[in-house]
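Undergrad: Sequence:
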Amino acid sequence: MPSLFEMGFNYVRWYYKTAEDTLIITNYTTLDTPEVHLHVKSEKGVAYRYLITNQITMNVNEYELPVHVTEQNGELSFKADRSSLSAEVYPNLEYRMRVNGAQMKVGDETELASGVNAGDASLTTLQLDSSAEWTLTIQGLLEGGQTASSTRNFEEEVAAYRTF
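Residue numbers (numbering that gives the first Met the number 0): 0 to 163.
Heads up, a few of these hints could be off.
Stated by the list, open to error - Straight line, CA to CA, 20 Å or less: simulated DMTMM-like cross-link-like pairs of lysine to aspartate or glutamate:
{"no.": "1", "residue 1": "16", "residue 2": "42"}
{"no.": "2", "residue 1": "104", "residue 2": "128"}
{"no.": "3", "residue 1": "40", "residue 2": "155"}
{"no.": "4", "residue 1": "40", "residue 2": "20"}
{"no.": "5", "residue 1": "104", "residue 2": "70"}
{"no.": "6", "residue 1": "43", "residue 2": "128"}
{"no.": "7", "residue 1": "16", "residue 2": "132"}
These are calculated hints, taken from the structure and not from any lab test.
The task is simple: from the sequences and hints, build the whole structure.
TA: Written out as structure tokens, the structure reads:
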């Protein structure tokens with residue numbers, strides 16, 4: 000249970016207080032780019048390991064069609080199967096995910112439970128090496144391709160939303 004929760008126009012923030020440290024988890028969207036950032040920081044600078052799970056669904060019903068995942072230069076790309084309904088309207092729909100500030104090992108639901116097969120739960124897992132601060136960025140691209148990330152930090156994005 001978080002010790003404190005904060006919500007703004009384009010962000011949410013959780014504070015988790017332990018006996019030795021406070022973890023600050025901030026999730027925020029950007030104004031001018033199609034992305035969301037998850038920023039995690041240890042207030043005392045303590046490096047922790049993390050396991051991130053993310054369920055990807057790119058069709059009307061889960062599990063009917065596969066999601067196609069590729070990894071290149073530390074960035075994951077998720078694309079719908081050509082048979083999915085979204086591919087009829089947005090054939091190049093793509094989500095990109097990357098982590099800055101920690102090394103990651105990509106896995107799936109088999110990392111979490113025995114007796115399951117890869118793809119059974121549409122889960123992507125990211126095992127992060129120890130880090131005191133890191134950011135996960137997800138971009139949503141209707142037409143695929145490359146889009147530069149926002150160069151503004153959290154405080155600047157909050158101010159940009161308030162000005163907008």
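Undergrad: It remains to establish, for every hint, whether it holds in the given structure.
TA: Going down the list of hints, with the structure as the test:
1. Between residue 16 and residue 42, the direct Cα distance comes to roughly 10 Å. Compliance with the 20 Å bound is thereby established for this hinted pair.
2. Taking the CA atoms of residue 104 and residue 128, the gap is near 8 Å; set against the 20 Å cutoff, the hint holds.
3. For the hint pairing residue 40 with residue 155, the CA-to-CA distance comes to about 18 Å; that is within 20 Å, so the pair holds.
4. Taking the CA atoms of residue 40 and residue 20, the gap is near 10 Å; set against the 20 Å cutoff, the hint holds.
5. Proposed proximity of residue 104 and residue 70 is supported: the alpha carbons are some 11 Å apart, at most 20 Å.
6. With a CA separation close to 18 Å, the supplied pair residue 43 and residue 128 stays within the 20 Å bound.
7. A threshold of 20 Å between alpha carbons decides the hint, and for residue 16 with residue 132 the separation of about 16 Å falls inside it, so the pair holds.
Consistency note: the structure conflicts with none of the earlier hints.
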